[in-house]
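Colleague: Next come the chains, spelled out residue by residue.
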Amino acid sequence: MNISYNWLQDFVDLKELGLDPALVAQALTSIGLAVEGIETQSNDYVFNIDVTSNRPDCLNHLGIAREISAHFCLNLRTPDVSDLPAHRPGTEFPSSVIIQDPDLCPQYAARIMTGVAVDESPAWLKEKLLAVGQRPINNIVDITNYVLLLLGHPLHAFDYEKLGENRIVVRRVAAGEKIVTLDGVERTLEAGMLAICDAAIPVALAGVMGGQDSEISLRTNTILLESAYFNPKSIRATSKSLALRTEASYRFERGADPEMPVKALNLACRLINQIAGGQTVGPVINENPVPASRLVLDLREKRIRQVVGVDVEPGFVTDILTRLQFEILNQPDRAWKVRVPGFRVDIGHEDDLVEEVARHFGYDKIPSTYPAPTSAGRFLPAQPHEQLLLQRLLGFGFYEAVNYVFSTPAREKLFFPEPVSMVAIANPLTEEDTHLRTSLVPGLVASVRRNLNHGTDEIRLFEFGHVFLPVDGAGSDRLQEESRLGIIATGTFYRPYWGQAQDEFRFFHLKGIVEELLAGLGYRAVFERTEDYRFLHHGVASRVLVDRRPIGVIGQLSPELNETFKFLQRVFVAEVAVDNLFSRPLPEPQYSPLPRFPGTERDLSFVVDKSLEYDRITAAIKSLNVANLRDVQLIDLYQGQKLPFGKVSLAVRLTFADLTRTLTQEEVNKSVDVISDLLKREFQAEQRA
Amino acid sequence: MATVEHLSPLWDAFRKELAEVSTDEALTDLRDKYLSRSRGAVTVELKKLGQLSAEERPQAGKLLNELKLLVEQALAEKAGEIREKQKSARYQAERVDVTLPGYAYHTAGRHPIRRALEEMERIFVSMGFSIMSGPEVEVDYYNFEALNMPKGHPARDAQDTLYVTDNLVLRTHTSPVQIRTMEKQKPPVRIIAPGRVFRRDSVDATHSPMFHQIEGLVVDEGITLADLKGTIEMFLKAFFSEDTRIRLRPSYFPFVEPGAEVDVSCIFCRGTGCSICKQSGWIEIMGAGMVNPRVFQILGYDYEKYTGFAWGMGVDRIVMLKYQVEDLRLLFDNDIRFLSQF
Chain C
1 MNISYNWLQD FVDLKELGLD PALVAQALTS IGLAVEGIET QSNDYVFNID VTSNRPDCLN
61 HLGIAREISA HFCLNLRTPD VSDLPAHRPG TEFPSSVIIQ DPDLCPQYAA RIMTGVAVDE
121 SPAWLKEKLL AVGQRPINNI VDITNYVLLL LGHPLHAFDY EKLGENRIVV RRVAAGEKIV
181 TLDGVERTLE AGMLAICDAA IPVALAGVMG GQDSEISLRT NTILLESAYF NPKSIRATSK
241 SLALRTEASY RFERGADPEM PVKALNLACR LINQIAGGQT VGPVINENPV PASRLVLDLR
301 EKRIRQVVGV DVEPGFVTDI LTRLQFEILN QPDRAWKVRV PGFRVDIGHE DDLVEEVARH
361 FGYDKIPSTY PAPTSAGRFL PAQPHEQLLL QRLLGFGFYE AVNYVFSTPA REKLFFPEPV
421 SMVAIANPLT EEDTHLRTSL VPGLVASVRR NLNHGTDEIR LFEFGHVFLP VDGAGSDRLQ
481 EESRLGIIAT GTFYRPYWGQ AQDEFRFFHL KGIVEELLAG LGYRAVFERT EDYRFLHHGV
541 ASRVLVDRRP IGVIGQLSPE LNETFKFLQR VFVAEVAVDN LFSRPLPEPQ YSPLPRFPGT
601 ERDLSFVVDK SLEYDRITAA IKSLNVANLR DVQLIDLYQG QKLPFGKVSL AVRLTFADLT
661 RTLTQEEVNK SVDVISDLLK REFQAEQRA
Chain L
1001 MATVEHLSPL WDAFRKELAE VSTDEALTDL RDKYLSRSRG AVTVELKKLG QLSAEERPQA
1061 GKLLNELKLL VEQALAEKAG EIREKQKSAR YQAERVDVTL PGYAYHTAGR HPIRRALEEM
1121 ERIFVSMGFS IMSGPEVEVD YYNFEALNMP KGHPARDAQD TLYVTDNLVL RTHTSPVQIR
1181 TMEKQKPPVR IIAPGRVFRR DSVDATHSPM FHQIEGLVVD EGITLADLKG TIEMFLKAFF
1241 SEDTRIRLRP SYFPFVEPGA EVDVSCIFCR GTGCSICKQS GWIEIMGAGM VNPRVFQILG
1301 YDYEKYTGFA WGMGVDRIVM LKYQVEDLRL LFDNDIRFLS QF
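Quick note, the sequences are listed as chains C and L, same order. Following the numbering used here, the numbering of the first sequence begins with 1 at its first residue and continues without gaps. Following the numbering used here, the numbering of the second sequence begins with 1001 at its first residue and continues without gaps.
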C-alpha cells in the first residue's frame, strides 16, 4: 500500500513536530505496519507499507494517520462526511435500489447527482493520486479513487441514463449472464455471483469492477453514485473465480467498514459538487436491510499480564484504546468493557485487544524470559536409524540428494509398467508437476543425468524421501505416504590412481553397501533374483528381503533406460522402504568373549554348474551343522577358458574355531571332508587341487 | 717382553687395520686376529706372561689388560658404526616420495539443508524440545481449519496451495504437526516440527514449490510473549553467535495472537548495514506469536489456563544466507560439484 507523507498531514501534524519520514517509517514498522521502502519524490515521500491481510482499516491514509496519531499522541483531524442537503427534488431523476440478496449485500447506499461536468481533475487532486501511483482518469472517477485512498471505502459511479429504468437491483446472477467489464473483457458469470443490475441486466460485478455500458463518459450529465457493503467471502469467491483482483475487491474481501457507506458517499458528493458542479438530487437512498452491529469485548488487566508477561499501566491501556477509537463503555474492576469500531474487522476476541496494547506498548520493551523445560528433549524414534544409515552412506562417499516430490505419468511410465497408479495434483502449476512420485528412482536417475551433463562421471547419491501411493484410485482422499531410501551409483569405484588399479562400480559394490546398511539396523538381508522390475536389467536385479518380507529392490538400470537417458556407463540403483525397518529399536551390541585359541582356516576349491546359486551352497553347508565351523567366505570365483562350458570354479575359505581349546588337524580335516562330500553329493562339485 | 715399547707397534697395527674395516665379517676377522682364544695377538701376549719373573709380571699384566680393554672398546665402537651405516643404507633403499598423493578415501559431506536442520534440532533438543513429524500430504483441517484459517480466509492466499483433492493438500507449513501433537498430548507441550513444505510457486532463484521449515510450539500454564522472546533469542544466539540480537515486530498470522515477525541482527555486518541486509542491519528470520485462543478452542484446550507460543522459519533461506548461495535451485539440483563443497 502506497501512503503519501504529505497526504497524511491533512490528518496529523507531522512536519511541525519534527516527525520526518524516517521517524514515521520506524514508528509504523514498530507497530506492525512494516514500511518496506520510502520513495523520495520531488516534493513528497511515499511509504510502501506491507499491510497484513487482517488490517483492511490501514489500506488508506486516514487509517494510517489514526495509527500514527495513537502512537505519537497526536490530534487526528477527520474529513467532513456529513450529509449534503439535496439541491433538487428527487422527482426530477427518479430511481430506486432493491436488494434481493441481503446476505451478500447488507447495505447499499446511492445518490443521484446531476449537472455533472465530466472533465480533467484539478491539479491538487491529480497530484495526490499520482503521488501514490494512481493514474488520473476524469474528475468523477478520480474522486471515487480519492475517497477510496482516503477512507478505504470503494465507490462506483454509474451513468444514470444508461441504467435500464434508471434503477438498481442487487442480486445473485443466474448461470450464463454476461457483462463486459471496464477492462473491456466480456465475462460470463457463474450462478450465485453477486451483481449490481439495472432493471434487466448486470451493470457491475458487485465490489469487483463496473460494467463498460454504464461507464462515466465525457457526455455523462447525471450519475448514480454507489457506496455499499458486500459480504467478504462472496467478493473473494467472485474475484478468485474470475481471476479479477481490483482495489475494490481487495478491500471488500478483507472486510470494509460496515459503518462507512453513507459517510464515504457524503464525502464523494461534497467533492463532486465542489469540483464537477454536480447537484444532489433528492436524499441519500439508503437500503440497509441488515444493519451493522458493534462488538463489545472485555479486556482484563490480568489477561494482558498472562499473555504478554509484563504489567502495563492501566492509564496507558485506556489511552491507547481511546486513540485507536475503541469506545470504552465502562471500567469494571481491573478491566475495560470496550465497543469495537466498525473498521476493526480483525478484533473479535479479548486477545486481539491484548495485541493492540502490546504492539503500541512496544515489543522491544517486553523482556526476554526463558521457561525452563520440564523434561528432556527427545529425537524422533526413527532418527537414530536414519542417522546411522546417513553416516555410513556419507562414509561410503555418497552425497545426499533432495529431489522434488513431483512427477508425471509420462516420466514414471518409463520406469514402471502401465498403467502407473499415481496421486494427481488438482491444481498443478506446470506440466512437470502434475502428480506425486511413486518412487525415488526416477528422480535419482534424472540427477545422474544432470551430473553427467556437468562432466561429473563418478556419481554416488542417496535420498531419503516420501513416495505417495493411491489407495482407492484417483480423486480419493486416501493415499499411502511411505518413507524410502534410494541409492544410485555409477562410474569408477576406485579412481585411476598411481599404484592402484582402477575399478568400475559394480552390482556387488552396491549389494555390499545395502548389506552393510541393513546390518547396522540389525537385519540380515536376503537377495532373490527377480524379473519383475521394468526399470532394471533382468539379469542383474534382485529383491531385498528381511525376515522373509520384501523391503526393496536392487539392480542395474535396464539397457532401455540407459538408451533413453543416453547413459554410456552402467548405473546401479537400490530402493528400500524404511518405515518398517525403522520401527524396531536399533540393536544393542552383544558382547561375546574373545577366543583364546587360534582358529584354523582351510580353503576349498571346486567346480560347479554356473546356474547354481551361491546361496544354495552356503545354505547346504549351514544345514550340516558342522561342529566349530565359524565362517564360510567366498574368496575366488573363476569362469573361463580353463573350465568346461557352463561351469564355474569357486574357492571358499572355511574357518574353524573352538572357544575352549585348539582344534586338532584331524578334527578339522574330518569336517572339511564332510563339507566336501556334501558338495559332491548335492551339487556334483568337482574338487580342485 | 710386555713393555710399552713392545706393545705399542701392536696397537698401531690394530688401529690401522680397524680403520680399514667396514663390514660385519671384516670386523669378526679382526677381532679373531687380536682376541681369539687360541691365536689372537693380544691373547698370545697374555699367555706369555707366565714366562716372566714375579717382579715383572704385575706391571706387564696391567699393560696387557689395558691394551685388551682398548681393543675391545674400539671393536665395539666399530660394530656400532657399522650397524648405523647399515640402518641408514636400508632407509635409503626403502625411501618413498612422501609428497606423492595419498590414496583416496573419499567420504561425502552433509547436504547443506541437512547440516542446518541437524544443527537446529541439536540446539532445540538441548533446550528440552522434542522433535515431531507428520505427513507431507495433509488434511485441509490440519493445514488450515484448525489453524484458524477456514475456507475463504484471505490468509490462505498468502500460501498458494497445491491441492490433491478438496480435502487434501500438500502441506503449506509444518504447523499441522502442532495441531496433531496437541490433539494427542496435554500440556506441557514443547516440540519442534521440521520438514518439507510446499507452495504453488514456480521455480526461480528465490522461489521453489518445495522447501523446508522448522516450527516450534510451547504450551503450558504461564507461558508469555516474554518467554517467546527469550526462547527464540537463546536459540538464535546458539545458532548464529552469542552477539546476535533480535527484534520483534508486530505482524499477523491467523494461528497466533499477538503475532510477530522476528528479525536478527545481520549475521554479516553485525547490524551496521550491508548489501545483504539492504543496509537495515536486520534480517527477517521467522514468524512467531502467542497461540491464538481460537486454535485452543478448536482443540478443546482451556485457554484461560494454558497459553503458548509458536514460531516457524524457512530453513532453505537460512542456508542461502549462511553460505551465500545465490540460487535456491542449487539446493535441489543434486549437483555433486555443489554438494562436495559442504
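Simulated from the structure, these hints should not be mistaken for lab results. Bear in mind the structure is a predicted one, so any value in this text is a computation, not a measurement. A couple of the hints might just be wrong.
For the chain L half of the interface with chain C, some residues (derived, Cβ under 10 Å), not all of them [claimed, not checked]: (1) 1050; (2) 1061; (3) 1274.
No farther apart than 30 Å at their CA atoms in a straight line, the calculated lysine-lysine pairs in the DSS-like style are these [said to hold, decoys possible]: (4) 365(C) / 1237(L); (5) 1068(L) / 302(C); (6) 1068(L) / 365(C); (7) 1016(L) / 1068(L); (8) 1305(L) / 15(C); (9) 1305(L) / 337(C).
Each residue gets a CB set at the ideal place from its N, CA and C atoms; glycine is no exception.
Colleague: The structure should be examined with respect to each hint, and the outcome stated for every one.
Modeller: Evaluated hints:
1. 1050: violated, 60 Å
2. 1061: violated, 58 Å
3. 1274: violated, 17 Å
4. 365(C) / 1237(L): At roughly 19 Å apart (the allowed maximum being 30 Å), residue 1237(L) and residue 365(C) satisfy the hint.
5. 1068(L) / 302(C): Violated - the C-alpha atoms of residue 302(C) and residue 1068(L) are around 108 Å apart, more than 30 Å.
6. 1068(L) / 365(C): Violated. Residue 1068(L) to residue 365(C) sits at ~98 Å, over the 30 Å cutoff.
7. 1016(L) / 1068(L): holds, 16 Å
8. 1305(L) / 15(C): violated, 47 Å
9. 1305(L) / 337(C): holds, 22 Å
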